[in-house]
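**Q** Assemble the complex: chain C is given as a structure, and chain A must be docked to it using the hints.
Spelled out from the first residue to the last, the chains are:
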Amino acid sequence: MAVTTAASWSVEVVYRGIFQKRLANRISRGVVLGARKDGKVGTAFARYGDSPERNGIPSKNFAVVATDEVELEASLAKYEPENVDVSIVVDDTMCKGIESWAWYGIQPINKLVVPGGALVVTSDKEPDALLEHIKVKPYPYTLVVVPSPVHAGVFAPEGSASFAGLWVDNDDNTDFNCVAAVAKFAPQILTLESVLDIVRERTNESARVAAVQATYEQIKMRAVLPGEGSTVEYEEYTKPGWTQMREGIIVEAMKVGTRNPIYKKWSTRTRRPLVNFDTCIKCTQCWLQCPDECFEVTPEGTYEVVYEACIGCSVCAEVCPVPDCITMVNELSFENNDNLYPQYASDPDAYRELLTRHGIPLHPELIEKAKKTQPVHHQPAAVAGGED
Amino acid sequence: MAIAVRRETAAAPLKPLEGEEELLLTGSEAIAHALRLADVDIVAAYPIRPYDAVMQAVAAMIANGQMDCEYIVAEGEHSQFEIVKHASAVGARSFVGSSGVGWFYAFEAIAVTAGLRLPVVANVGNRALDDPGAFGVEHNDALAVRDLGWLMTWVETGQEAFDSAVIAYKVAEDPRVSLPCAVSTDGAFLTHSQHLVKIPPKRIVDQFLPAYNLGDRLFHPDNPITIAPQVDQDWLTEIRKQNDAAMRRAPEVIREAYREYHQLTGRQKEPFIEEYMTDDADYVFVGQGTIAMPGRVIVRRLREQGHKVGFARLKWFRPFPADEVVQRLSRFKGLGIIDRNYSFGSPNYGGVLFTEFRAAFYDSPRRPIMVDFIAGLGGREVTAENGLEMFQILQAGAAGDLDSNVHWIGVRE
Chain C
995 MAVTTAASWS VEVVYRGIFQ KRLANRISRG VVLGARKDGK VGTAFARYGD SPERNGIPSK
1055 NFAVVATDEV ELEASLAKYE PENVDVSIVV DDTMCKGIES WAWYGIQPIN KLVVPGGALV
1115 VTSDKEPDAL LEHIKVKPYP YTLVVVPSPV HAGVFAPEGS ASFAGLWVDN DDNTDFNCVA
1175 AVAKFAPQIL TLESVLDIVR ERTNESARVA AVQATYEQIK MRAVLPGEGS TVEYEEYTKP
1235 GWTQMREGII VEAMKVGTRN PIYKKWSTRT RRPLVNFDTC IKCTQCWLQC PDECFEVTPE
1295 GTYEVVYEAC IGCSVCAEVC PVPDCITMVN ELSFENNDNL YPQYASDPDA YRELLTRHGI
1355 PLHPELIEKA KKTQPVHHQP AAVAGGED
Chain A
225 MAIAVRRETA AAPLKPLEGE EELLLTGSEA IAHALRLADV DIVAAYPIRP YDAVMQAVAA
285 MIANGQMDCE YIVAEGEHSQ FEIVKHASAV GARSFVGSSG VGWFYAFEAI AVTAGLRLPV
345 VANVGNRALD DPGAFGVEHN DALAVRDLGW LMTWVETGQE AFDSAVIAYK VAEDPRVSLP
405 CAVSTDGAFL THSQHLVKIP PKRIVDQFLP AYNLGDRLFH PDNPITIAPQ VDQDWLTEIR
465 KQNDAAMRRA PEVIREAYRE YHQLTGRQKE PFIEEYMTDD ADYVFVGQGT IAMPGRVIVR
525 RLREQGHKVG FARLKWFRPF PADEVVQRLS RFKGLGIIDR NYSFGSPNYG GVLFTEFRAA
585 FYDSPRRPIM VDFIAGLGGR EVTAENGLEM FQILQAGAAG DLDSNVHWIG VRE
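Sequence lines, in order, name chains C and A. The letter at position 374 of the first sequence is residue 1368 when you use our numbering, and the numbering goes up by one with no holes. The letter at position 285 of the second sequence is residue 509 when you use our numbering, and the numbering goes up by one with no holes.
The shape of chain C in the complex, shown without the other chains (with noise of 0.2 angstroms):
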């Protein structure tokens, strides 16, 4: 396996700006500097072409460790690694295919992987539940699963996506996990012992060494075979030549009332809102808030989320003055991006039973009032048209 015959070995750390920036660069030096205990070599880089400073936008860190100088010397000078032996995902819901940059499109998850190589996802859930998104490669690796420090949900909001979503500097132990969870896979990278020797000279702490060493145990190793995996197709781009690209630095952008069908900004996205249409009272809250106008008037007059272009900042749920009408829940529990109005619309009783299983009270009592209300918007010219 290309992992252990190689004399130099990448790693990658995908993770949520600007929540987990410290988070991943401890993680890449933790990489390096564990290595180094092993009498390797190495650098580490955060991907310079990312602002990591926007709010959940998939991101990255990167450690390269070789064997000596000269092994190392190929990989220095680089803005990324073209492959990666291990890639290190802190924030689960990224399973689902992330987008850095706009040019690009979507791209699954693990698309740097080598074959033998791993992806590292921290995670309460189950490796085949996790696999359900992650996209097929056609070749054998592993994955890689690092359970919460202590329990699940103890650092994050009741039904958050993950444990380490919104991580902001827990001190938890999640970057001494996942360079233990490196350790787990390729010893050849690094060793258990070395993660220790910085856990005790980093906290002078013997409950952090044992701690970390405990939850060492329980990182799971799935070896994924090839074809295994999610077929959710994912966008193909090429990048055209100077002659082919307008001149004067122009892009095309969008008429009034469309939607970019190239940039979706999904990705950045831990937590969806689930709209309660029953008990909307059509006030244009969340249609005005939403700083991505990601809001759609429905036949009634109510407004829906357009799940392409949202990225779960939870703006709206916290203007919507109705009580549990817009509610953030986890984003693994959706398959995809289509619109859940016309779910809705087409049998209501599963809609509402939808939202019920996210533990979202429907409020019976609100319905009747919410009926009344008369709507501002009328689709789809309101929308289209714009309002200045």
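If you're looking for bench data, these hints aren't it; they were derived computationally from the structure. Every residue, glycine too, gets a C-beta built ideally from N, C-alpha and C. Among the hints, a few may not be true.
[Claimed, not checked] Think about it this way: if two alpha-carbon atoms lie no more than 25 angstroms apart in a straight line, the pair counts; the simulated SDA-like pairs of lysine to any residue are:
{"no.": "1", "chain 1": "C", "residue 1": "Lys1233", "chain 2": "A", "residue 2": "Ala452"}
{"no.": "2", "chain 1": "C", "residue 1": "Lys1233", "chain 2": "A", "residue 2": "Met471"}
{"no.": "3", "chain 1": "C", "residue 1": "Lys1233", "chain 2": "A", "residue 2": "Ala284"}
{"no.": "4", "chain 1": "C", "residue 1": "Lys1249", "chain 2": "C", "residue 2": "Asp1272"}
{"no.": "5", "chain 1": "A", "residue 1": "Lys465", "chain 2": "C", "residue 2": "Thr1232"}
{"no.": "6", "chain 1": "C", "residue 1": "Lys1259", "chain 2": "A", "residue 2": "Asp458"}
{"no.": "7", "chain 1": "C", "residue 1": "Lys1233", "chain 2": "A", "residue 2": "Ile463"}
{"no.": "8", "chain 1": "C", "residue 1": "Lys1233", "chain 2": "A", "residue 2": "Lys465"}
{"no.": "9", "chain 1": "C", "residue 1": "Lys1015", "chain 2": "C", "residue 2": "Gly1099"}
{"no.": "10", "chain 1": "A", "residue 1": "Lys422", "chain 2": "A", "residue 2": "Ala622"}
{"no.": "11", "chain 1": "C", "residue 1": "Lys1072", "chain 2": "A", "residue 2": "Gln457"}
{"no.": "12", "chain 1": "A", "residue 1": "Lys493", "chain 2": "A", "residue 2": "Glu462"}
{"no.": "13", "chain 1": "A", "residue 1": "Lys465", "chain 2": "C", "residue 2": "Lys1105"}
{"no.": "14", "chain 1": "C", "residue 1": "Lys1105", "chain 2": "A", "residue 2": "Gln457"}
{"no.": "15", "chain 1": "C", "residue 1": "Lys1249", "chain 2": "A", "residue 2": "Val455"}
{"no.": "16", "chain 1": "A", "residue 1": "Lys465", "chain 2": "C", "residue 2": "Lys1015"}
{"no.": "17", "chain 1": "C", "residue 1": "Lys1249", "chain 2": "A", "residue 2": "Leu442"}
{"no.": "18", "chain 1": "A", "residue 1": "Lys465", "chain 2": "C", "residue 2": "Val1245"}
{"no.": "19", "chain 1": "C", "residue 1": "Lys1233", "chain 2": "A", "residue 2": "Ala283"}
{"no.": "20", "chain 1": "C", "residue 1": "Lys1072", "chain 2": "A", "residue 2": "Ile463"}
{"no.": "21", "chain 1": "C", "residue 1": "Lys1249", "chain 2": "A", "residue 2": "Ala469"}
{"no.": "22", "chain 1": "C", "residue 1": "Lys1233", "chain 2": "A", "residue 2": "Asn437"}
{"no.": "23", "chain 1": "C", "residue 1": "Lys1259", "chain 2": "A", "residue 2": "Thr450"}
{"no.": "24", "chain 1": "C", "residue 1": "Lys1015", "chain 2": "A", "residue 2": "Asp458"}
{"no.": "25", "chain 1": "C", "residue 1": "Lys1015", "chain 2": "C", "residue 2": "Pro1285"}
{"no.": "26", "chain 1": "C", "residue 1": "Lys1259", "chain 2": "A", "residue 2": "Trp459"}
{"no.": "27", "chain 1": "C", "residue 1": "Lys1233", "chain 2": "C", "residue 2": "Ser1045"}
{"no.": "28", "chain 1": "A", "residue 1": "Lys422", "chain 2": "A", "residue 2": "Gly315"}
[Stated by the list, open to error] Computed footprint of chain A on chain C; a stretch qualifies when at least three of its residues, placed anywhere within it, have a C-beta under 8 angstroms from a C-beta of chain A:
{"no.": "29", "segment": "1229–1243"}
{"no.": "30", "segment": "1248–1262"}
**A** Just chain A now, with coordinates in the frame of chain C:
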């Protein structure tokens, strides 16, 4: 000894154009007349000497009802150049200008205007850079943008200032080029000196200069485009290559424009190099802008003494007409490059023109001796005595008797 003194490109049309006027104008006023006849839509202004002579002339024309255009006085050069960049993107024929460190204050806008391929025309009233504060001409202000994708031309007379401003729009706005153009006029000697200038009737300019048309690059709600998005390393090489290709297409577009302008007016036969008394010359001085005036005087004095000397004026600096320079100037024994600029620490510690000329000749089978003269800095006059000194140095260079090929002329020890 009788010497035929004739400007080779100054031949007038057989008869004056109907409706043509002859006016006594500064170079700056001549440019303002060009803007008037070119139907410029917007002028953004911010005062700095010597460029401000143009903005004053334009303001007077608007006040007198002779010209109809938006005239915006910005709060500084950076805004001034941003205004015309944006105006150009939405389809307005735009004019701007500055001098010295004012031009530098606009540098960010200057860089992006070229990057965006917006055909703004700017007048650089050449002026020494601060510090020390000085109004006189040096070319380092305009030259600072030489690598950015601006078309750059230097003019000598009021007539040429008018002609070049009109031609600048023609070349800059040509869809094959679509690059901004800087028309440089030497401070004092041209910006503030009055020459007899023939102003053609508007129909001639209309015939020469089509309406500004950005085509599908027009920034307008009916043509939804995004201009200048953030890109990464996957894209910039291709974008720079597009600028390179545009600049490579420019020489032919310039030739076409001069051909057409010459047919209409009888002026501006030579687009790139204007030669004076070079037919039998052994040695030729080379310079840009108004240096050609004392340059020709020097040539005549030296010819009176029996020396076969000529002068060649370089009219366009970007694109640099390297092929034509080599083809036309390699036949001489020696070239004396007069640099009204400096390039501290450059190869040979010479001026910018010198360095460019040497690069242009590197692959030529015939390479004349080349000597650089740093002269006329800060607007200091270049005299006939300076000319004699330069010629003696150039001769010594041809004889292999020089220990340096760069010489500061008239500098007090």
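**Q** Against each hint, give a clear statement of whether it holds in the structure.
**A** Tested hints:
no. : hint                  : verdict
1   : C/Lys1233 / A/Ala452  : holds (17 angstroms)
2   : C/Lys1233 / A/Met471  : holds (24 angstroms)
3   : C/Lys1233 / A/Ala284  : violated (52 angstroms)
4   : C/Lys1249 / C/Asp1272 : violated (32 angstroms)
5   : A/Lys465 / C/Thr1232  : holds (18 angstroms)
6   : C/Lys1259 / A/Asp458  : holds (20 angstroms)
7   : C/Lys1233 / A/Ile463  : holds (12 angstroms)
8   : C/Lys1233 / A/Lys465  : holds (15 angstroms)
9   : C/Lys1015 / C/Gly1099 : holds (22 angstroms)
10  : A/Lys422 / A/Ala622   : violated (42 angstroms)
11  : C/Lys1072 / A/Gln457  : holds (11 angstroms)
12  : A/Lys493 / A/Glu462   : violated (36 angstroms)
13  : A/Lys465 / C/Lys1105  : violated (30 angstroms)
14  : C/Lys1105 / A/Gln457  : holds (20 angstroms)
15  : C/Lys1249 / A/Val455  : holds (22 angstroms)
16  : A/Lys465 / C/Lys1015  : violated (35 angstroms)
17  : C/Lys1249 / A/Leu442  : holds (15 angstroms)
18  : A/Lys465 / C/Val1245  : holds (17 angstroms)
19  : C/Lys1233 / A/Ala283  : violated (49 angstroms)
20  : C/Lys1072 / A/Ile463  : holds (21 angstroms)
21  : C/Lys1249 / A/Ala469  : violated (31 angstroms)
22  : C/Lys1233 / A/Asn437  : violated (29 angstroms)
23  : C/Lys1259 / A/Thr450  : holds (18 angstroms)
24  : C/Lys1015 / A/Asp458  : holds (24 angstroms)
25  : C/Lys1015 / C/Pro1285 : holds (23 angstroms)
26  : C/Lys1259 / A/Trp459  : holds (21 angstroms)
27  : C/Lys1233 / C/Ser1045 : holds (21 angstroms)
28  : A/Lys422 / A/Gly315   : violated (30 angstroms)
29  : 1229–1243             : holds (count 9)
30  : 1248–1262             : holds (count 3)
When held up to the earlier numbered hints, the structure conflicts with 3, 4, 10, 12, 13, 16, 19, 21, 22 and 28 and fits the remainder.
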